[in-house]
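One-letter residues, chain by chain:
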Amino acid sequence: MEQKIENKNENKNSPIARRKFLRVLGTAVAGGSILAISGGLISRAKGSEVSHYWQIDPQKCTQCGRCETECVLQVSAVKCIHANKVCGYCDLCGGYYRSNVKELNTAAENLMCPTGAIQRKFVEDPYFEYSIDESLCNGCGKCVKGCSSFGNGSLYLQIKRDLCKDCNECAIATACPSNAITRVSLDKPYKLKDE
Amino acid sequence: MKNKIVLMCLFLLQLGQGVAQNRFPKPDFESGYKYPEIHYAVSHEDLLVIVDIFLLVLLMGIVSWAVIKKRTRKPIIWVSVISVAYFGFFRHGCVCSIGSIQNIALALVDSTYVLPLSVLLFFILPVLFAFLFGRVFCAGVCPFGALQELVHIKSYKLPRTLSIILGMIPWIYLIFALLYAITRTSFIICHFDPFVGFFRLGGDIGMILFGAVLLILALFVGRPFCRFMCPYGALLSLFSSVSIWKIRLTDKSCINCELCHNACPVDAIRPPYTNKVNESRERGVKRLLNYFVLLPLMILCGAFLMRLVSNELSRSNKDVRLYEMVMQHETNPGEVLSVELEAFYGQGGVINELAEKAEKVQSDYNFYATIAGILIGLVIGITLIELSVKRTRKLYEIDHAACVGCARCFSYCPQYKIGNESGNTSL
Numbered sequence: 001m002e003q004k005i006e007n008k009n010e011n012k013n014s015p016i017a018r019r020k021f022l023r024v025l026g027t028a029v030a031g032g033s034i035l036a037i038s039g040g041l042i043s044r045a046k047g048s049e050v051s052h053y054w055q056i057d058p059q060k061c062t063q064c065g066r067c068e069t070e071c072v073l074q075v076s077a078v079k080c081i082h083a084n085k086v087c088g089y090c091d092l093c094g095g096y097y098r099s100n101v102k103e104l105n106t107a108a109e110n111l112m113c114p115t116g117a118i119q120r121k122f123v124e125d126p127y128f129e130y131s132i133d134e135s136l137c138n139g140c141g142k143c144v145k146g147c148s149s150f151g152n153g154s155l156y157l158q159i160k161r162d163l164c165k166d167c168n169e170c171a172i173a174t175a176c177p178s179n180a181i182t183r184v185s186l187d188k189p190y191k192l193k194d195e
Numbered sequence: 001m002k003n004k005i006v007l008m009c010l011f012l013l014q015l016g017q018g019v020a021q022n023r024f025p026k027p028d029f030e031s032g033y034k035y036p037e038i039h040y041a042v043s044h045e046d047l048l049v050i051v052d053i054f055l056l057v058l059l060m061g062i063v064s065w066a067v068i069k070k071r072t073r074k075p076i077i078w079v080s081v082i083s084v085a086y087f088g089f090f091r092h093g094c095v096c097s098i099g100s101i102q103n104i105a106l107a108l109v110d111s112t113y114v115l116p117l118s119v120l121l122f123f124i125l126p127v128l129f130a131f132l133f134g135r136v137f138c139a140g141v142c143p144f145g146a147l148q149e150l151v152h153i154k155s156y157k158l159p160r161t162l163s164i165i166l167g168m169i170p171w172i173y174l175i176f177a178l179l180y181a182i183t184r185t186s187f188i189i190c191h192f193d194p195f196v197g198f199f200r201l202g203g204d205i206g207m208i209l210f211g212a213v214l215l216i217l218a219l220f221v222g223r224p225f226c227r228f229m230c231p232y233g234a235l236l237s238l239f240s241s242v243s244i245w246k247i248r249l250t251d252k253s254c255i256n257c258e259l260c261h262n263a264c265p266v267d268a269i270r271p272p273y274t275n276k277v278n279e280s281r282e283r284g285v286k287r288l289l290n291y292f293v294l295l296p297l298m299i300l301c302g303a304f305l306m307r308l309v310s311n312e313l314s315r316s317n318k319d320v321r322l323y324e325m326v327m328q329h330e331t332n333p334g335e336v337l338s339v340e341l342e343a344f345y346g347q348g349g350v351i352n353e354l355a356e357k358a359e360k361v362q363s364d365y366n367f368y369a370t371i372a373g374i375l376i377g378l379v380i381g382i383t384l385i386e387l388s389v390k391r392t393r394k395l396y397e398i399d400h401a402a403c404v405g406c407a408r409c410f411s412y413c414p415q416y417k418i419g420n421e422s423g424n425t426s427l
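So the sequence lines, in the order shown, correspond to chains L and Y. Under our numbering, the letters of the first sequence match residues 1 to 195, in that order. Under our numbering, the letters of the second sequence match residues 1 to 427, in that order.
Isolated chain Y, as found in the complex (with noise of 0.2 Å):
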């Protein structure tokens, strides 16, 4: 009889669903029940974050030491281990720097959005090392490159002009990226992210498919994700060019060997090189300054594609989706109405209040994708120049911005042995 009494009471409330949240009183126990006491789980997030840029300094000083000073790959190994185990299986891989850079992105330009410091730190720290002392991140310390460094067992080359133009790659990424995140769509980077699922043990499969790809690869090639995905290796390569202090194989002579390249699983030990073809000094300026007279033309046409399919990029935007979604709805409401429109409706959305973010979005991605546009004109551009211009080289020479660090070289080479074995090594 209770039941049916409730039951009806149900019914009555069902009607005014959303409307009282305290149907029922609090009951009154007369057997002196107490309410339990829940505590819910926390983890020592602070502390933790503490301990993560201690260990990012810490690696990247150890790594410096042994590229720049001692010239050894020991250490290397011992902090890819670490990095791996730590970064990558204790703290799940995130927040991590390659991430971070669309965290900085948005605080860039979105003064509303807060950044927390240790994100800001993840970033700057490893550039900072960049400028100091080349990619030393990048050598065993970011746990991606460390898993890559680790599994690599053989050094195929790849043809120049193909992992020239697969370099272009990062830099697309890097800009598609930072146009996502500025316009706050989504962080493709993290969306799109190989080797997290690895570290949690789980994940989308697809990606994880996809790391799975990769890392077989880098049994043969070294590193595929740093050199031809990652966008941060691509801003850190910017930075190592012109870094202050750089990595030398030997301080004697090099006696062009080639084995130092042979060593190298990111070919960033360039081979000697004469031109064959013999033209003067003049006419090979003249043909470069032809090539950035055409640089212009290829970064017209980059943003003006990209204008072109701005709104369309603009659809990827949840309020801009939503708004599509509410339009459709208001023109034909007859149809059941999707997840997203129902919580739209449920909170009492305004569809002016949503047009105008709308319109807002649509506007950033019509000026962000003109810049994202000129950006990848002048990455083809580059990219191309690149291919067609070569310079002569007597020796073997590190390509200072390709390098990650790893070391591999420095046992090969046989003058630093000498140099090592009679003691008189010197910086």
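Bound conformation, chain L alone (with noise of 0.2 Å):
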């Protein structure tokens, strides 16, 4: 009884051959489709260590404040940097003074960083080591724009590689104006000023 109906479907065309037909039709198109995909693909992609993380240039780099506010994170990712051999260690130090202060102290009104992150140390008569306490910096990149106006531009922005989520976008570089923030490779995680 059953032959006979399925011969008759068949000799029918009836709906169930030609479901068949169609789904084995659409795995062989699914099947080829990952198959060009995939390999349209694999020759093209590269190791993961080629462009990577995601880096501030610090020559495109204005200074505009977005890093504060834009990074997916609730403290950015973004971390002031000092490069001590481009610094000139100077008392008068552009990041670290607002630019009229009347009395060189450590008040905090003197000072240009809003979460008191740059400290400095005497080295001697008449330098300065600067440093940036990471864990008060919040990326605003009022001290880089002080230093590079005033200075030898050797504070700068930079994403900090153990902080960053490595977002799939980033969403800072979606908001630069200047078009910074481009992906690294892994081998030279950093794009620093010193080296």
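The hints are simulated quantities; they were obtained by calculation from the structure and are not laboratory data. Among these hints, one or two may not hold up.
[Claimed, not checked] Calculated pairs, DSBU-like style, for lysine-lysine (alpha carbon to alpha carbon, straight line, at most 35 Å):
1) L:LYS46 x Y:LYS26
2) Y:LYS70 x Y:LYS154
3) Y:LYS26 x L:LYS191
4) L:LYS160 x Y:LYS34
5) Y:LYS360 x L:LYS20
6) Y:LYS357 x Y:LYS74
Assembly of the complex is requested from the two constituent chains, each provided in isolation within its own frame, with the hints serving as guidance.
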């Protein structure tokens, strides 16, 4: 009986056979497209060491202040980095003091950094060594602006690799007005100024 | 006194801003001062990427084994826990397969785009598994699916019409995501990610609220994100509907008890249905053909509408926006420079180059938005056809496109239990 029905169905090109045909066709198309996509892209795909981490190009950065606000983290993964070898070790540091200070002391109203993340240590007259307390830095870039407009530009903003979540699309990069943020390779993870 | 000199120097230097970088010479230290050695922390990303891929394959393998061969739910719960813990809270959900669609699309149209191998694998492996075993990735390997799976306590069914209409959203979302990705505008899937805020314990408050609403919904409605939002799920459903090995509830015959249907959180088990309108086969086929004649109309409509708004859409691109700002500034130069314009002029940007770039983006938008419109028309048309065509079913049937392989139904099937207890399970 069943055989009979089957035969009948086949003869009439019944919906069952047609559906089966469509299913096989669909499977073939799906399999083919997987092969096509992976075949087409695998030759172009690079190992993860190429173009991985987001980094700021310090030469392009305009210190607009968006690094502080646009990062998906509550406290931005962008921190100020200090290149000691570029620094002039000045007493009157454009990144440390505000531009219109009356007295060179560490009173908060004189300091550029809103969180007090820049610390300095007396080395010898008239030089001071500057360093950043990363746990306080919020990546606002105020000191960077001061340093690059009055000083040697030894302070600069950079994305910290240990903090960055390595988003598929960096939220700061899309907001960056100067397109300074691009991906770099894993083996050269930082774009530093003193190298 | 010294300070005053320095201050004066500074004023002079301020005039020549941006010209010199080494304004102050390197100090000659007399006290034998040495420059501090600073090392910046680096995470072991290269190793973690390998662990990611390994775990992805392993977990999908476990789920495939559990739903196809073993037909049990327990391993899937464990996989879900591992996935939420590792891919979610430890790796913070980036790069995920859902977002990788955009990288793949961009790599397909733009040969200069560098596609990391790990991203390609994150995209293609779940697709491959969907093609072989169904949506095992969705079952519990995807941290988003796993999170919703773990909080789900009771399945309330949505009306079928509503769920078909809401089911259009993932497709349209996918189309827009592709449009924005291949025009290098933004990755909207990553931007509007409702759960990543949980995994990172902080983020955009709007998206976290949205994620919270989805999670509360997920308590009572099976996987609202997967069914009505996830663009990758939509893509996988294409492959799982024609998959080679399919999930089967039982090897014995179905007794139409409806227990599996009640247990399914994503409404993937279709109940028996008898067509009450007694139309002849020829008429039914004719009706269907008529619908397919209407389909090109919908497609044309979609293409036309999307082409109309393509210039508006292109405004979300950074270059186009910048170009508009520059033009506005050129005609009305008195205003205060915005941050973007400051950067543009500060870097010596050439307006002609920018105009060329913006024009290119706009023509891209014209072209791709038209294609997007065609696809949107197709999606809406097919959904309407799906709503109006009813197929007669005698037994409960699994809709393999919708089934996410959560394996809740197995323990409900009385036929499966009988087979299992007497020890003659077979594949």
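Status of each hint after checking the structure:
Straight-line distance between C-alpha atoms of L:LYS46 and Y:LYS26 comes to about 41 Å, which puts the hinted pair past the 35 Å bound. Distance hint between Y:LYS70 and Y:LYS154 is fulfilled; the C-alpha atoms sit about 24 Å from each other, no more than 35 Å. For the proposed pair Y:LYS26 and L:LYS191, the alpha carbon gap of about 21 Å is at most 35 Å, so the pair holds. Note on L:LYS160 and Y:LYS34: the hinted pairing holds, with a Cα-Cα distance of about 25 Å set against a maximum of 35 Å.
Distance check on the hinted pair: Y:LYS360 and L:LYS20 sit about 46 Å apart at the alpha-carbon level, beyond 35 Å; violated. This hinted pair does not check out: Y:LYS357 and Y:LYS74 have alpha carbons roughly 54 Å apart, beyond 35 Å.
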